[in-house]
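Novice: Protein sequences appear in the order of chains P and S.
Just so you know, my numbering puts 143 at position 143 of the first sequence, and the rest follows in order with no gaps.
Positions in the second sequence are counted from 1; adding 147 to them yields my numbering.
Bear in mind the hints are in silico, worked out from the structure with no lab data behind them.
As the structure is a prediction and not an experimental result, all values here were calculated from the model.
It is possible that part of the hints are untrue.
Quick list of in silico lysine-lysine cross-link-like pairs, DSSO-like style, CA-CA up to 27 Å [as the list claims (entries may be wrong)]:
no.: 1; chain 1: P; residue 1: K35; chain 2: S; residue 2: K290
no.: 2; chain 1: S; residue 1: K286; chain 2: P; residue 2: K92
no.: 3; chain 1: P; residue 1: K144; chain 2: S; residue 2: K290
Given next are the chains, with one letter for each unit.
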Amino acid sequence: MLIRVTRVEPPALETVEICCYRISEEVQEIAAFVKSRQGQLSGVLEGRQYEIAVGDIEYIESVENRSYLYTKKQVYESSYRLYELEKMLREKHFLRISKSMLLNLMKVQAIRPSLNSRFTAVLYSGEQVVISRKYAPGLRKALKGGT
Amino acid sequence: MSFREFLKQLLSVYFIIVTLILIAVALFGMVAAPEQPLYPQDLLMPPVVAALTLLPTFVMYSKKELTVKQTLFRRGLQCALIEGIVLLLVSPECAPQIDPLVFRVIVGGCVLAVYGLSLLLMWLSAYRESLSLTEDLHKLQAKEE
């Protein structure tokens, strides 16, 4: 695929245009990456596709190889695998907190110790998610040194 | 958690237990047998007992992370095993002026108190860390907003 970057001046809109023979998985992936960089992700709810602001996502969970985006009110299914979302959202303060979960640090109100040597993240929405012991050093690193 | 990491964690718990046993022996001795002489070899008792009582800690080892229920069950089992080991090790003959049953109850109570205190210390350490993490988290959120 040929990549062409052209400078524009305001008031022209900054645009990413993909010209392709067919909308393949690769093309969809590139489009999703661009969206995520702009702070949006696509998610499916009851057969309809929605654009979700990354800032509205509290956490992302993977269940049986499917990824679900949890917002305060809805749960959307994403076509991306957790590791792909992890890569896409690394700079948006999303952090892996267990084998199957990415947490939006901006939605966390407090971190509490748990009885089984783990930590629990209490979200502003009141929901609680478990931070696995294995991923706790990553959290410390992210908070002390930035993601 | 790897077995190596588990052993490292065990070592820190070992030193906490040694300290707490020393405190318990001192308090128990002052109350129950203040006239009893303390010989240099008696000082070997806390590290040896701590090492033996740490053996049941291996019931806490698991490659997979334990759930709260599993943790509570294993903690109970660990505490019961420690009680068993200590009661086998510490003979009522070392304090003949006390009734053997009362002696066992006191020793058992001390073991339970030491076990509870060590858990409390570990929890307090985790609590302190969680407060520090929460503070860092709020700083990060303020910076991004």
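Novice: All hints, please: hold or fail.
Specialist: Here's how the hints hold up against the structure:
With a CA separation close to 23 Å, the supplied pair P:K35 and S:K290 stays within the 27 Å bound. Distance hint between S:K286 and P:K92 is fulfilled; the C-alpha atoms sit about 16 Å from each other, no more than 27 Å. A C-alpha spacing of about 13 Å is found between P:K144 and S:K290, which places the hinted pair at or below 27 Å, so the restraint holds.
In this structure, none of the earlier numbered hints is contradicted; all agree with it.
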